[in-house]
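*Asks:* Based on the sequences and whatever the hints tell you, model everything.
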Amino acid sequence: MAPTAVADDVFYALSNSTRRKVLEQLSAGPATVSELAAPFDMKLPSFVQHLSVLERSRLVKSKKRGRVRTYEIAPDRFQVAEDWLAARRQLWEARLDRFDQYVKELKEKESAT
Amino acid sequence: MSKQFAINPKLDFAIERFIDAPTRLVWEALTKPEHLKEWYMPKAWGRVSRTEMDVRPGGIFSIDIATGDGREVPNLGCFLEAIPMERLVWTSMLFPGYRPAVFDDIPITAIITMESVGTGTRYVFTALHRNEADLEANKSSGFYQGTEIAVDQLVEHVKSMK
Chain A
4 MAPTAVADDV
14 FYALSNSTRR
24 KVLEQLSAGP
34 ATVSELAAPF
44 DMKLPSFVQH
54 LSVLERSRLV
64 KSKKRGRVRT
74 YEIAPDRFQV
84 AEDWLAARRQ
94 LWEARLDRFD
104 QYVKELKEKE
114 SAT
Chain B
923 MSKQFAINPK
933 LDFAIERFID
943 APTRLVWEAL
953 TKPEHLKEWY
963 MPKAWGRVSR
973 TEMDVRPGGI
983 FSIDIATGDG
993 REVPNLGCFL
1003 EAIPMERLVW
1013 TSMLFPGYRP
1023 AVFDDIPITA
1033 IITMESVGTG
1043 TRYVFTALHR
1053 NEADLEANKS
1063 SGFYQGTEIA
1073 VDQLVEHVKS
1083 MK
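Residue numbers (this note's numbering), protein chains in the order written: chain A, 4 to 116; chain B, 923 to 1084.
Examples of chain B residues lying across from chain A (beta carbon under 10 Å, computed):
(1) D986
(2) T989
(3) R1021
(4) A1059
Listed next, with one range per pair, are the computed distances between beta-carbon atoms:
(5) B:G990 x A:R101: 45 to 53 Å
(6) B:K954 x A:R70: 34 to 42 Å
(7) A:F102 x B:R972: 30 to 38 Å
(8) B:R978 x A:E85: 30 to 38 Å
(9) A:R101 x B:M1083: 47 to 55 Å
(10) A:S37 x B:E938: 32 to 40 Å
(11) A:W87 x B:S1063: 32 to 40 Å
(12) B:R978 x A:R98: 37 to 45 Å
(13) A:P33 x B:N930: 32 to 40 Å
(14) B:E1003 x A:K24: 32 to 40 Å
(15) B:G990 x A:K110: 52 to 60 Å
Stretch by stretch, here's where chain A covers chain B in the computed footprint (C-beta under 8 Å, at least three residues):
(16) 996-1009
(17) 1025-1033
Keep in mind the hints are simulated off the structure, nothing from the lab. No residue lacks a Cβ here, since even glycine has one placed at the ideal position from N, Cα and C.
*Replies:* Listed below in structure tokens is the structure:
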């Protein structure tokens, strides 16, 4: 998959508060579908749709033992979001540095006259 | 149409309507996000909050709905067939790009057919299920009722597009 398509999936998966709460819950350790669903007042089929969006983005992965499916965090894909945000921050920091420099030059010119 | 599928009344449900509009408009209403948001979710229940449709085999089918209390629920699937003004097939058993999905849910395959009848269109929405229990669950959860309301909203919306 193209990198932009991967980022689309990741940011789309992160764009919903239910899914972010599931990720927060999974950060504490693996959990079963029913454990993950428990805090939410939502029908199970709807909740499972959220898990499928997370699974498609590969922010999580699941394993099935018998009839019980367990989810866990898949840290690799978080890097996609982190890299994108870091690149934006670098750009803006560099831009602000240049702006700083420019204002300083203006000030020096002014005091020279 | 060749018999690539057969409806089993024990497993599946079909909703049929006559729409007094050409198949071209019905096809547009089924495939364009700006039209889908007008009819896909029963208006008394909520609204469509986001749509992504790549209408070709393997393309993404993604419609997020928001209920009255502001909760959003995704519906994600993969198109299997897209014959303009004739037939549209998608399944929630696959992620887009034919990637096998992981599912403990109640997956469906939706088959939508349209056929010119006089100046109008005969429209049939069919939902195929794995087994009787899945069909029963979809009937009691409101999925079936919601789909019927949505199809009625589709009929009204297509008429307003003329």
